[in-house]
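J.: Model the placement of chain B on the given structure of chain A, informed by the hints.
There are 2 protein chains.
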Amino acid sequence: MSGSKRVGSQSVELKNRPKIIAATSVVGPKEADGPLGEYFDIKLKDDKNGKDTFEKAESSILHTSIMECIKKGNLKEEEIDYLLCGDLQNQIASSNFAARDIKTPFIGLYGACSTFSLSLSLGAMFVDGGFANYVVSGASSHFSSAERQFRFPLEYGSQRAVTCQWTVTGAGSVLIGSEGNFPEVTYITTGKVKDYGIKDVNNMGAAMAPSAVDTLYMHFKDTGRNPSYYDCIATGDLGRFGRQTTEMMLKSLGYDISKNYVDCGESIYDNARQDTFSGGSGCGCSASVFTGYFYKQLMSGKINKILIVSTGALMSPTSSFQGESIPGIAHAVSIEFNNRGGN
Amino acid sequence: MSGSKRVGSQSVELKNRPKIIAATSVVGPKEADGPLGEYFDIKLKDDKNGKDTFEKAESSILHTSIMECIKKGNLKEEEIDYLLCGDLQNQIASSNFAARDIKTPFIGLYGACSTFSLSLSLGAMFVDGGFANYVVSGASSHFSSAERQFRFPLEYGSQRAVTCQWTVTGAGSVLIGSEGNFPEVTYITTGKVKDYGIKDVNNMGAAMAPSAVDTLYMHFKDTGRNPSYYDCIATGDLGRFGRQTTEMMLKSLGYDISKNYVDCGESIYDNARQDTFSGGSGCGCSASVFTGYFYKQLMSGKINKILIVSTGALMSPTSSFQGESIPGIAHAVSIEFNNRGGN
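Each protein sequence line maps, in turn, to chains A and B. Per the working numbering, the first sequence starts with residue -1, numbered consecutively. Per the working numbering, the second sequence starts with residue -1, numbered consecutively.
Honestly, the hints are just simulated from the structure, not real lab data. Among the hints, a few may not be true.
Identical copies go unnamed one by one, so any copy, or any two together, can satisfy a pair.
As a list, the in silico EDC-like pairs of lysine to aspartate or glutamate whose alpha-carbon atoms are at most 20 angstroms apart [unchecked claim]:
| # | residue 1 | residue 2 |
| --- | --- | --- |
| 1 | 219 | 76 |
| 2 | 17 | 77 |
| 3 | 219 | 245 |
| 4 | 54 | 193 |
| 5 | 197 | 99 |
| 6 | 101 | 193 |
| 7 | 197 | 50 |
| 8 | 70 | 99 |
| 9 | 3 | 77 |
| 10 | 41 | 31 |
| 11 | 303 | 11 |
| 12 | 43 | 31 |
| 13 | 300 | 182 |
| 14 | 101 | 220 |
| 15 | 192 | 76 |
If you're wondering where the values come from, they're calculated on a predicted model, not measured in any experiment.
Isolated chain A (complex conformation):
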């Protein structure tokens, strides 16, 4: 057996502490123009990235984020044991077509906007369990492919509700391995599906908040850690209203996260100036914010401990048409960088 063990009812401790060796973010022009713009690694001037469709553009930026990660690690794609990724497109087409051009065994995931922390979780477990020497975990989304997938063709010029979020055009990938002085994945809390009966697809934050709360609560309970253990707790894309709800619900359960809590979706845009309403969303949101911003904060020593909790709304256009409510899910990954500079 590996040294890893289950902790509490819903978490695992990764005893071999897999390392995040490299991270790459690729974002569109709107994300580059936001408050975190300076941190992103690759910024597109054209959100079609020279392709003839938005879907192909999304796939190309995911591909770029993966290949850049492999390059940063001084590795060849043949040395990567598994590529894990997912996205919002039907049949995760962005990931499938990105993987087609990479010579690596491929595992397709779908967790809606929770996909990045799901991918990171599984990648870290593969390395921890001795199944892989190197893994790349990634996720992507694109505003324009998501709009026509889940909402309306852009040409309609639909009005947006104040609780609406703006799907991030972006991709983020990490290279995970077992050696070197890098931020380490220490605990994983995998989420259950939670459904509080929300049916409003223009208020995804409300649909996802209960799952974020449940996963955070279970993480604290399983590990015995308090919110203050972390320098930062970052949910994926709850937006302004979902972030508030999460804070309040957790407070009623005895955990005050208000001092060190941010939501990637709320942070990626200047919501008033950029007309993004409640904030960013999409698999690419927490993927690009983690790989672009937080990874650099970890590497530079500005933070040492982060809990990243990507959040997903698990409806499909068909399930919404058929009157179903919106189930949510959230996966938490604890990343720590305590042993800097040797031993």
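T.: Below, chain B without anything else, positioned relative to chain A:
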């Protein structure tokens, strides 16, 4: 580190040999009427299973297969550490809504019709690596939800090509654990995405065959095993033409699998009598045939060693509209039951 280790360039050996403790298949009336009908555990009289949509029906049969597995293992859903599943619906809605009603951390997968062996692979690795005591891995598909997802509304009454396959209405789930005398998962070969430029969505067998060939070839090469090592090699849903292509391509690469090779999709229907043309397909095809038929063959001692290779076509309706070819993927899982009756 766990005892597990990488073997060759694309495979892992599971040293702790996770056990498949229970398996449950649920199928529709057409599958029950086919040559394997007597082996399936639960047979629907109504392919809507009392639900008002095909999508909800599919989700309900997946849910049934999962819950029956847990029951057969004399476990409660709270004792299952991870539920892993996927399906063909947009945003894997069948799996998400099945998981909503189960109190278990959930991991959503998408590998098109390769999903069952993907789910089985990851579940076995979780148990092998010490991340889980019990896992349930499953997959589902439904003829009528797939037709309107990928092809045409049933009401059109479209004519079918001779190379067409018939999506299986079915679900299959397995309960994986670490103790007891049960069939064991010994090797996993995770596939790469292969695309030979096939664009005909009515000939999925041709699109998937190269990926089946690549994964089988890598499995034999990595493990040093010959096809004759196995009592049975079963691909997922290549159908009649895809099966022939796979056999011929592998022969040209030096491996003759003709003596012990079957395709689940070719076997599940009496294709001439049941008008299923080239055979069955869908995530539920290899899932129901493995859990319904092969698992019983293993348990009864009729076979001792099987290599199950579910095969997936990774296009989406959108990618096909946009002129993309159909990438394929296949994942191989070696299951062996050598130590019967204790020691």
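J.: Between copies, within a copy, both or neither: which fits residue 300 and residue 182 at Cα up to 20 angstroms?
T.: For residue 300 and residue 182, only the intra-copy Cα distance (15 angstroms) is at most 20 angstroms; the inter-copy one is 47 angstroms.
J.: Have a look at residue 101 and residue 193 and pick one of within, between, both or neither, based on CA distance no larger than 20 angstroms.
T.: The answer is between: 12 angstroms across copies meets 20 angstroms, while 39 angstroms in one copy does not.
J.: Can you give me the call for residue 219 and residue 245, within, between, both or neither, at a CA distance of at most 20 angstroms?
T.: Classified as within; 17 angstroms inside a copy, 53 angstroms across copies.
J.: Using 20 angstroms as the alpha carbon limit, work out where residue 197 and residue 99 are close: within a copy, between copies, both or neither.
T.: between (38 angstroms within a copy, 17 angstroms between copies)
J.: As a check of your reading, is residue 192 near residue 76 (CA-CA no more than 20 angstroms) within one copy, between copies, both or neither?
T.: For residue 192 and residue 76, the Cα distance is within 20 angstroms only across copies (15 angstroms; inside one copy 39 angstroms).
J.: When no copy is named, should residue 43 and residue 31 be tagged within, between, both, or neither for a Cα gap of at most 20 angstroms?
T.: Cα proximity of residue 43 and residue 31: one copy only (11 angstroms, versus 58 angstroms across).
J.: Cα distance capped at 20 angstroms. Does residue 197 pair with residue 50 within a copy, between copies, both, or neither?
T.: So residue 197 and residue 50 pass the 20 angstroms test across copies only (19 angstroms; inside, 34 angstroms).
J.: Regarding residue 17 and residue 77, is the shortest C-alpha distance of 20 angstroms or less found within a copy, between copies, in both, or in neither?
T.: So residue 17 and residue 77 pass the 20 angstroms test inside one copy only (16 angstroms; across, 30 angstroms).
J.: From the Cα coordinates, with 20 angstroms as the cut-off, is the pair residue 303 and residue 11 best called within, between, both, or neither?
T.: Cα proximity of residue 303 and residue 11: one copy only (15 angstroms, versus 34 angstroms across).
J.: 20 angstroms Cα cut-off: does residue 219 pair with residue 76 within a copy, between copies, both or neither?
T.: Close across copies (16 angstroms), not inside one copy (40 angstroms); limit 20 angstroms.
J.: Measure nothing new, just compare the shortest in-copy and cross-copy C-alpha distances for residue 41 and residue 31 to 20 angstroms and report within, between, both or neither.
T.: within (9 angstroms within a copy, 56 angstroms between copies)
J.: With 20 angstroms as the alpha-carbon cut-off, assign the pair residue 70 and residue 99 to within, between, both or neither.
T.: within (18 angstroms within a copy, 42 angstroms between copies)
Violation of the numbered hints given earlier is absent; every hint is satisfied by the structure.
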